[in-house]
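Visitor: Single-letter residue listing:
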Amino acid sequence: MTEFRAAIRQALIDELTADPSVLVFGEDVAAAGGVFTVTKGLQEQFGSTRVFDTPISELAITGAAFGAAVTGSRPVIEIMFGDFMALAMDSLINQAAKWRWVSNGQTAVPLVVRTTVGAGARFGPVHCQIPGTWMQNIPGLKVVCPSNPADAYGMLRAAIRDDDPVVFMEHKRLYLDEGELTDAPVELGTARVVRRGGDVTIVSVMKGVGDALVAAEALATQDGIEAEVIDLRSFRPLDVATVVASVEATGRLLCVEEGARTGGWAAGLIGQVAADALGSLDDVAILCTPDHPVPFSPPLEDAALPGPEDIRAMVRERLGGA
Amino acid sequence: MNTAGGAGESGVGADEMLAMLEQMTFIRRFEEEVQASFQRGEVPGTTHLCIGHEAIPVGLAAALGPDDVIATTYRGHGHVLARGADPAAVAAELTGRAMGLNGGRGGSMNLTDFAHGIIGSFGIIGGSMAAATGAGLSFRGTGRVAVATFGDGCANHGYFFECLNFAAVFRLPVLFICEHNLYGEYTPWEQVTAGADIAARARVFGIDATLVDGMDVRAVHRHAAAAVARLRTGEGPVFLECRTYRFVGHSRSDPATYRPPGELEEWQRRDPLIVARDALHDAGVPESVTGEAEGTARERVRQAFATALASPFPEPAVTR
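Quick mapping for you: the protein sequence lines, in order, are chains A and B. First residue of the first sequence? That's 83 in my numbering, and the numbers climb one at a time after it. First residue of the second sequence? That's 3 in my numbering, and the numbers climb one at a time after it.
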């Protein structure tokens with residue numbers, strides 16, 4: 083069994099080993115091995131030319147990653163907390179996301195931005211946001227988000243080998259989860275059905291997938307409701323087809339999002355599902371976080387985050403009437 | 003190249019100087035044609051001309067090798083042409099044609115030509131500094147050099163300070179060239195920029211930074227060549243602040259009425275084309291020879307735009 087964070091480390095080790103053009107840099111990633119120790123030992127193994135600490139300078143880190151990516155390197159940078167992506171976004175949106183297309187295919191932009199996201203660890207309002215939705219509307223970017231160690235390993239390897247810029251989000255409450263790794267390749271932008279069920283479709287990402295599975299087991303054993311659970315795995319590309327296929331069987335869709343309702347991935351996904359398969363929908367619902375920043379105080383933060391009981395309750399109240 | 007008749011103290015020979023005059027004249031006439039084409043409705047959107055700046059792209063390009071790269075700005079037509087991009091493909095990009103450098107996808111502000119070491123022209127202030135800094139990461143230990151050009155308007159930007167620091171701490175082979183033309187868009191630089199010059203800002207990072215006469219192609223070339231030689235040995239980065247002046251407005255809609263009376267005329271006396279011509283004449287090159295640059299430039303520009311305008315627009319189905 084391998085921890086989620088060790089799975090990420092193993093993906094980095096494997097890709098640093100396989101391809102000498104891979105670079106890993108960011109704030110405190112080298113000597114300290116990262117604030118969540120994800121990159122521990124990489125500098126010792128691969129040297130300070132390929133794995134190095136940077137200034138606290140998100141714009142330069144991301145901009146330099148772009149410049150390196152268009153001149154033969156494959157940089158994997160770390161933006162320590164997803165909230166800091168706000169400082170990196172000009173380079174990511176106006177350079178990295180654009181250049182392959184705007185240059186008419188003269189260059190690829192093979193860079194990966196790893197960033198720690200998500201609430202529940204008492205980090206307060208500006209160390210817990212999930213910036214995937216900020217970037218979901220940007221053609222040219224891929225925005226992916228594993229929910230388990232096997233996907234973390236497979237998706238990060240795929241991200242590093244991808245010729246487009248990929249934002250790779252790591253939920254901080256998954257870092258200690260354990261699972262088996264496989265060499266099976268993961269195609270970025272594909273959702274995965276993680277539990278079969280015919281009564282309702284529950285879609286989530288990252289931490290929410292495990293919560294949905296817990297809720298699904300309770301619904302099955304205590305309420306007689308069989309939920310299909312889909313791990314979206316990617317904000318962009320968005321695998322609408324897998325969700326539509328499920329909804330065509332269940333007729334009911336619940337999206338569980340750690341984030342605000344307006345402008346969230348859930349709202350966008352439901353809109354696309356409706357556009358493609360309105361006739362299959364009997365009901366849709368969104369379980370999300372309240373429309374205010376995530377608070378610090380433990381009871382406040384806990385109340386703001388959807389968990390398995392909230393998912394089960396919403397299915398029962400809203401969708402479980404069958 | 004350096005044959006008879008040195009052109010002044012710069013070490014640039016008359017032949018090379020003549021070639022640089024030809025290039026500057028070509029860029030000047032090209033930009034004038036961009037403006038004329040714009041007024042005829044052939045160039046859509048907006049344009050930012052480098053008229054007055056020509057000594058910088060030409061002096062710089064002569065100091066670079068084919069494996070070096072440059073990241074420039076929306077005022078970058080001159081750099082793209084000086085690096086050797088096909089003028090017809092540049093004109094085609096400005097007019098939105100399929101044969102344009104970017105296939106019509108980028109336009110004036112995003113001219114990109116990797117085959118000629120132009121990793122991009124950046125439409126947002128500071129992007130060029132970041133791109134060149136990152137190229138510098140790729141070029142560590144290779145002898146290759148990455149160049150960023152940017153204006154004085156960039157000097158108050160986060161990119162400016164972050165990239166200078168980043169390049170300095172990792173000693174990246176990056177040549178930072180500030181094309182200081184005294185105005186950030188419509189605003190006089192001294193109204194919004196603290197301190198006496200911009201080079202001083204680079205020096206606080208321990209970067210070798212020099213103020214250069216950006217109207218004299220010999221000076222630009224001399225400083226750029228010295229910087230490139232240093233950068234190839236692994237010493238870096240280097241910063242050059244080239245003082246220049248744009249003889250036209252910021253963009254197509256700017257009549258530049260904010261300039262004090264007489265300022266433009268004063269700078270036009272030091273027009274880089276005139277400075278270069280005078281130097282050649284002083285070195286004994288006859289006017290009959292320097293005068294040939296004019297006809298050659300006009301003919302190249304005519305051909306470039308004729309080819310571009312005769313070429314088809316991209317098919318929407320292909321660009322989707």
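Note that these hints are calculated values from the structure, not bench results. Being a predicted model, the structure only gives us computed values, none of them experimental. The C-beta atom is built at its ideal place from N, Cα and C for all residues, glycine as well. Treat each hint with caution, since some may be false.
Stated by the list, open to error - Some chain B residues close to chain A (C-beta under 7 Å, calculated; not the full set):
no. : residue
1   : G86
2   : R107
3   : A133
4   : L139
5   : S140
6   : Y161
7   : C165
Visitor: Now look at each hint and say whether the structure bears it out.
Guide: Verification of the hints:
no. : hint : result
1   : G86  : 15 Å, violated
2   : R107 : 5 Å, holds
3   : A133 : 4 Å, holds
4   : L139 : 4 Å, holds
5   : S140 : 4 Å, holds
6   : Y161 : 6 Å, holds
7   : C165 : 5 Å, holds
Hint compliance for this structure: hint 1 alone is broken.
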